[in-house]
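A.B. asks: Next come the chains, spelled out residue by residue.
2 protein chains.
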Amino acid sequence: MRLTPLAASLPASVPFVGPEAQERARGATFRARLGANESVFGPSPKAIAAMREAAAMAWRYGDPEAHDLRAAIAAHHGVAPDNVMPGQGIDGLLGTLVRLLVAPGTPVVTSRGAYPTFNYHVTGYGGVLHMAPYRDDAEDPEALTALARETGAPLVYLANPDNPMGSWLSAGRITEMIAALPGDCLLILDEAYADFAPEGSVPALDVADPRVIRMRTFSKAHGLAGLRVGYALGHPEMIAAFDRVRDHFGLGIVAQAGARAALADRDWLASVVARVGEARARIGAIAAENGLRALPSATNFVAVDCGRDGDFARAVLRGLIERGVFVRMPFVAPQDRCVRISAGTPEDLDVLAEALPEALRAAGAAGGGGPRSALRGA
Amino acid sequence: MRLTPLAASLPASVPFVGPEAQERARGATFRARLGANESVFGPSPKAIAAMREAAAMAWRYGDPEAHDLRAAIAAHHGVAPDNVMPGQGIDGLLGTLVRLLVAPGTPVVTSRGAYPTFNYHVTGYGGVLHMAPYRDDAEDPEALTALARETGAPLVYLANPDNPMGSWLSAGRITEMIAALPGDCLLILDEAYADFAPEGSVPALDVADPRVIRMRTFSKAHGLAGLRVGYALGHPEMIAAFDRVRDHFGLGIVAQAGARAALADRDWLASVVARVGEARARIGAIAAENGLRALPSATNFVAVDCGRDGDFARAVLRGLIERGVFVRMPFVAPQDRCVRISAGTPEDLDVLAEALPEALRAAGAAGGGGPRSALRGA
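Line by line, the protein sequences are chains A and B.
Quick note, the first sequence lines up with residues 1 to 378 if you use the numbering used here.
Quick note, the second sequence lines up with residues 1 to 378 if you use the numbering used here.
You may find that some hints are simply not true.
Here are the in silico distance ranges between beta carbons for each label pair [unchecked claim]:
| no. | chain 1 | residue 1 | chain 2 | residue 2 | range |
| --- | --- | --- | --- | --- | --- |
| 1 | B | Asp68 | A | Ala56 | 19 to 29 angstroms |
| 2 | A | Pro15 | B | Arg26 | 39 to 49 angstroms |
| 3 | B | Arg2 | A | Arg361 | 51 to 61 angstroms |
SDA-like, lysine to any residue: derived pairs with alpha carbons at most 25 angstroms apart [what the hints assert, rightly or not]:
| no. | chain 1 | residue 1 | chain 2 | residue 2 |
| --- | --- | --- | --- | --- |
| 4 | B | Lys46 | A | Glu20 |
| 5 | A | Lys46 | B | Ala49 |
| 6 | A | Lys46 | B | Glu20 |
| 7 | B | Lys46 | A | Glu53 |
| 8 | A | Lys46 | A | Met57 |
| 9 | B | Lys46 | A | Ala72 |
| 10 | B | Lys46 | B | Ala56 |
| 11 | A | Lys46 | A | Val273 |
| 12 | A | Lys46 | B | Ala56 |
| 13 | A | Lys46 | B | Lys46 |
| 14 | A | Lys46 | B | Met57 |
These stretches of chain A come out as covered by chain B in the derived footprint (C-beta under 8 angstroms, 3 or more residues) [said to hold, decoys possible]:
| no. | stretch |
| --- | --- |
| 15 | 28-39 |
| 16 | 42-49 |
| 17 | 222-229 |
Calculated from the structure, these hints are not laboratory results.
Every value quoted in this text rests on a predicted model; they were computed, and no experiment measured them.
Idealized CB from N, CA, C, for every residue including glycine.
Isolated chain A (complex conformation):
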């Protein structure tokens, strides 16, 4: 096996360990699955029906042009089909986009602690990551822009709303950032959580601007993480570039059918957004009951500040996982003082409410000193 020098230099790595691997290690399934920002409220019943109907037709390859899905997405956003590139989730689209723009040595800008799968793709194509720290638990567009200018990067990544913190920037700040970027630098605006974002935080689409490509997904509010469909929105030249390297038959017939039906069901989307809002409030209340602070969120998850350092939060996370609550947390300091809890059903959050005080107690005991005093001091 003669790996390329680049491939040989890469570790075998996994951006995220799946909850299933943790369940196999624990020997028990999770009681509440709140770690991957999935939509526990499920897909639209109409999307389920469409997938079920398509299942019998799964002997057919999906349309490699995804014509109908593309047209539906274009109509939904008021753009042309050539502004839309559907793909296998934002993960898949990011991989293709990075492949198009990143060669060994290419500088790429992102935030320290932002989406690890983007970094995985950049590293996988030999790019060199330059990272700006978060500011006030949010991505810092001015720092990213400065870093893009300084490094000459052709590509900058920013998620709005942000993952893992749940914070968001105003549409105005995003627009200012775009205006300030070097003219030949492309901003990937990852809007996986845009469906949950408050008014005024999602800039108007301007597909005539070649400096921005926006990523949307059916994995979050649409509840179709396990179907693998997302799409990019952008300038026709950027969108057409995907055709140079993409896996044309990668989006199957079941995926295309499910996504189309999900997109059309706006009532379901609204009901999910409402239930996510309730869940966020409940997570905030549970945090407060335990002396913790929930950070404001524009997403379907809440970063809960555990009030001490990363080691303490990691101990809390372990405690939650041991008690059957799948959660994740930010990777870098100081954001790693938080655990990240996805919106759950009322039943899921009952489990959280039961497990969190125990996990805090255990973490406090492990770290020495009672959790109460520690938390009060935070």
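Starting from the known structure of chain A, fit chain B onto it as the hints suggest.
C.D. replies: Just chain B now, with coordinates in the frame of chain A:
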């Protein structure tokens, strides 16, 4: 948009135009869909049931380790899970494998007229294709081996049974080829059609041999082309290398569930293989009725020799498409004297039986001279 020099050098291309695009151009759907070697007999009812059940759970990401599917495939083949890498169809797996082994300038060996999507991936990563011609309408392992030796290629592609000709090599010739390959050269043995292959044409699995990686799919005999699941079988080190660059969450929960159920339903597979055999015989009979020769096939399609040159076969192909029969054909001479017709239902083949004489007549007229005399002369 600052594409990498490699990406900038690539054309926007599609290895295959989908039948849906042709249907949109025609303004009518095809009466018989016999061009993509899909399984018109559909997936196992058990696979359909599994996909339908999984549809409601599509809010969950699929297990990134695909643990259960991998274990089931391993058990089926009598190998270990670390010999198995599931992925998004053979197309997806080929892309990942090429990425691992091919850098700009890397020589890669395949047959002229073999699978275009493999070539697309090689070109897409900057590799340089070296092609051996077919011999007697089959891939030529000795010529491929010689070319691998001559070019120092780290990668050789061979499909057995072959697409687009339907021909096959004996297990013995494949084994001899492997033995004759340079020790550091990897053979991709594309066995997409292995489920249809006659006894003695599929070599025994030897996953201790690092020189071979075998590709299997759920898209053909299992009737799940629109679900996007295939797998690689090989040495643990080669299999583990996929973890360096693969899209870990790319195989969704619906795909994993459908594939597992399909793999378990051996009765369905046997019934499909039997019906494909009947369809091949019927295609042979229809060809003979029209004075044409069907080539022997070890697959779910038949290459029908139209008895003249590529221009004539292309005219026949056009005639079939105009009459609502979706078919494809080999791209290079002299194999392009054939049209490639996938196994159809009896109803599909009734449509073919009706359309073929008309298409031949039209092609003969277009080419000047009656088709009968032309065919008699072939």
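A.B. asks: Decide if the proposed pair is consistent with the structure: B/Lys46 and A/Glu20, CA atoms, cutoff 25 angstroms inclusive.
C.D. replies: Roughly 24 angstroms separates the two Cα atoms, so the pair holds.
A.B. asks: Starting from the hint 39 to 49 angstroms, judge whether the C-beta atoms of A/Pro15 and B/Arg26 obey it.
C.D. replies: holds (44 angstroms)
A.B. asks: So if I understand the rule, the pair passes when the alpha-carbon distance is 25 angstroms or less; does A/Lys46 with A/Met57 pass?
C.D. replies: Status holds; Cα separation ~17 angstroms.
A.B. asks: Between B/Lys46 and A/Ala72, is the straight-line Cα distance small enough, at 25 angstroms or below?
C.D. replies: violated (32 angstroms)
A.B. asks: Are the Cα atoms of B/Lys46 and A/Glu53 separated by 25 angstroms or less?
C.D. replies: holds (14 angstroms)
A.B. asks: Is A/Lys46 within 25 angstroms of B/Lys46, Cα to Cα?
C.D. replies: OK: A/Lys46 and B/Lys46 at ~22 angstroms, within 25 angstroms.
A.B. asks: Just to be careful, I want the Cα atoms of A/Lys46 and B/Met57 compared with a cutoff of 25 angstroms; is the pair within it?
C.D. replies: holds (14 angstroms)
A.B. asks: Taking 8 angstroms as the C-beta cutoff, is the stated coverage of the stretch 28-39 of chain A by chain B satisfied by three or more residues?
C.D. replies: holds (count 4)
A.B. asks: Hint check: B/Lys46 vs B/Ala56, CA-CA at most 25 angstroms. Holds or violated?
C.D. replies: holds (16 angstroms)
A.B. asks: Straight-line Cα separation of A/Lys46 and B/Glu20 no greater than 25 angstroms?
C.D. replies: holds (24 angstroms)
A.B. asks: Tell me if the beta carbons of B/Asp68 and A/Ala56 are separated by a distance inside 19 to 29 angstroms.
C.D. replies: holds (23 angstroms)
A.B. asks: Is it true that the CA of A/Lys46 sits at most 25 angstroms from the CA of A/Val273?
C.D. replies: holds (17 angstroms)
When held up to the earlier numbered hints, the structure conflicts with hint 9 and nothing else.
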